[in-house]
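Construct the complete structure from the given sequences, taking the supplied hints into account.
Protein chains: 2
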Amino acid sequence: MAASTVPDIVIGRLPLYLRALTMMSEAGQEYTSSHELGQQLGIGSAQIRKDLSHFGEFGKQGTGYEVNFLKEQLAKILKVDRDWPVALVGFGDLGQAIAHYGGFAAKGFHIQAIFDNDPAKIGQEVNGKQVQDIARLSEIIRQQQIKIAIIAVPAFAAQAVADQLVEAGVKAILNYAPITLKVPEGVRVQYIDPVVHLQWMAYYLE
Amino acid sequence: MAASTVPDIVIGRLPLYLRALTMMSEAGQEYTSSHELGQQLGIGSAQIRKDLSHFGEFGKQGTGYEVNFLKEQLAKILKVDRDWPVALVGFGDLGQAIAHYGGFAAKGFHIQAIFDNDPAKIGQEVNGKQVQDIARLSEIIRQQQIKIAIIAVPAFAAQAVADQLVEAGVKAILNYAPITLKVPEGVRVQYIDPVVHLQWMAYYLE
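Chains as they are written, first to last, in the numbering used here: chain W, 1078 to 1283; chain P, 1078 to 1283.
Heads up, a few of these hints could be off.
No copy is singled out in the list; a pair is fine if it fits within one copy or between any two copies.
[Stated by the list, open to error] Heads up, simulated SDA-like pairs for lysine to any residue below, C-alpha to C-alpha not over 20 Å straight-line:
| id | residue 1 | residue 2 |
| --- | --- | --- |
| 1 | 1206 | 1280 |
| 2 | 1198 | 1170 |
| 3 | 1156 | 1283 |
| 4 | 1198 | 1178 |
| 5 | 1153 | 1135 |
| 6 | 1259 | 1100 |
| 7 | 1156 | 1083 |
| 8 | 1259 | 1121 |
| 9 | 1153 | 1283 |
| 10 | 1198 | 1146 |
| 11 | 1259 | 1119 |
| 12 | 1248 | 1265 |
| 13 | 1206 | 1170 |
| 14 | 1198 | 1177 |
| 15 | 1248 | 1272 |
| 16 | 1156 | 1280 |
| 17 | 1248 | 1220 |
| 18 | 1248 | 1204 |
Quick caveat, the hints were computed from the structure, so don't treat them as lab data.
Quick look at the structure:
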């Protein structure tokens, strides 16, 4: 389990395996195979076996993988066998949809703190959490030792928010603002921009 | 411009270049360089020059790239120099945030039709479009010749929606449901699942 030697692209596929295994588990399925996982995910079965082999020997010749066992192992490898507190910055349409999204529960994350700079939004309550004044961002993130944040503010404000988050100790940022962020080494950023995906696919349209 | 010979991963970077150039253009900047683009995007300048060289010669030694010219060329290459009608399926929290999102305008897309199966939502109006009964999905998509769709329904319903979309002629699907879709060859799917990104980054947290 020499973490540093596993290619990042392999790590990026593990959440997909975990997602598929979780659905199998919820459906009561006990065993699966790299072939079945591959069919569901559109990934070659050899690739799946090779990806998993970075972390150990999880399957048995003949019976394949035990769904719950492999699911638990992957959750542990991805460090989502715990519950990470996440800060959400921005409580506009998108931020509200993210705050209401039920899909984080049991996936390793929960929205622990929400920030906005709009007085009309500060104090609103979502799932028992009050929207906080963004002026308190550093203080609250430090105090609650939050390491993960979601940025859902307009593009022009995103870099300043990222700078504050990093300064307060955040190490992983999921950025919905349509702008590439500059962060110091040791901080990870991933991006969600629907326009990028749509334009990518538009290229192939007739 | 032999479209089929350009690696898909190169196509995937063009929207990022276009996004950066659009911001430069809006800021009134006239020229840029692969070096500056690379700095902004965290991509090597040699990579950028190589990516662009698949499509022609856009820069000049010494002066670099003319921002508006390169922006227009990339928009043309990506086929987003026009305005694609997009169908949005699902008008829950997420679908509503997508429908209200202002970021599609001038990026090549507009939400042309919205569908849901909830009688309380059907008939609601967003930006002058009424939410339609999902029973009319095939009819409307065929009639309006919509080729691009966004799926924002729960995971359990997503495959059935995708099947209907494909059958009605949709060729590109942006899927927000946390499930891998099966589609026939010739149809593209891209995925947005925040949990996948968060889990990917969680791996690297201490």
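For each hint, the structure was consulted:
1. Taking the shortest alpha-carbon separations for residue 1206 and residue 1280, neither the intra-copy value of 42 Å nor the inter-copy value of 26 Å comes in at or below 20 Å.
2. When the C-alpha separation of residue 1198 and residue 1170 is checked against a cutoff of 20 Å, the pair qualifies both within a copy, at 12 Å, and between copies, at 17 Å.
3. Taking the closest pair of Cα atoms, residue 1156 and residue 1283 come within 20 Å of each other only across two copies (9 Å); inside a single copy the shortest separation is 43 Å, beyond that limit.
4. In the homo-oligomer, the alpha carbons of residue 1198 and residue 1178 lie at most 20 Å apart both inside one protomer (18 Å) and across protomers (18 Å), since each shortest distance falls under that limit.
5. Proximity of residue 1153 to residue 1135 under the C-alpha cut-off of 20 Å is restricted to the intra-copy arrangement: shortest distance 13 Å within a copy versus 48 Å between copies.
6. When the C-alpha separation of residue 1259 and residue 1100 is checked against a cutoff of 20 Å, the pair qualifies only between copies, where the shortest distance is 16 Å, while the shortest distance within a copy is 36 Å.
7. For a Cα distance limit of 20 Å, the shortest separation of residue 1156 from residue 1083 inside one copy, 15 Å, qualifies, whereas the shortest one across copies, 37 Å, does not.
8. Taking the shortest Cα distances, residue 1259 and residue 1121 sit within 20 Å of each other only across copies (14 Å), while inside one copy they are farther apart (35 Å).
9. Taking the shortest alpha-carbon separations for residue 1153 and residue 1283, only the inter-copy value of 13 Å comes in at or below 20 Å, while the best intra-copy value is 44 Å.
10. Proximity of residue 1198 and residue 1146 under a CA criterion of 20 Å is satisfied in neither setting, with 43 Å inside one chain copy and 41 Å between copies.
11. For the homomeric pair residue 1259 and residue 1119, the shortest alpha-carbon distance between copies (8 Å) is at most 20 Å, but the shortest distance inside one copy (33 Å) is not.
12. In this homomeric assembly, residue 1248 and residue 1265 come within 20 Å of each other (Cα to Cα) only inside a single copy, at 6 Å, whereas the closest approach across copies is 33 Å.
13. Taking identical chains as interchangeable, the C-alpha atoms of residue 1206 and residue 1170 lie at most 20 Å apart whether they share a chain (17 Å) or sit on different chains (18 Å).
14. Proximity of residue 1198 and residue 1177 under a CA criterion of 20 Å is satisfied in both settings, with 15 Å inside one chain copy and 18 Å between copies.
15. When the C-alpha separation of residue 1248 and residue 1272 is checked against a cutoff of 20 Å, the pair qualifies only between copies, where the shortest distance is 16 Å, while the shortest distance within a copy is 26 Å.
16. In the homo-oligomer, the alpha carbons of residue 1156 and residue 1280 lie at most 20 Å apart only across protomers (6 Å), although the nearest pairing inside one protomer, at 37 Å, exceeds that limit.
17. Taking the closest pair of Cα atoms, residue 1248 and residue 1220 come within 20 Å of each other only inside a single copy of the chain (15 Å); across copies the shortest separation is 48 Å, beyond that limit.
18. Taking the shortest Cα distances, residue 1248 and residue 1204 never come within 20 Å of each other, neither inside one copy (25 Å) nor across copies (38 Å).
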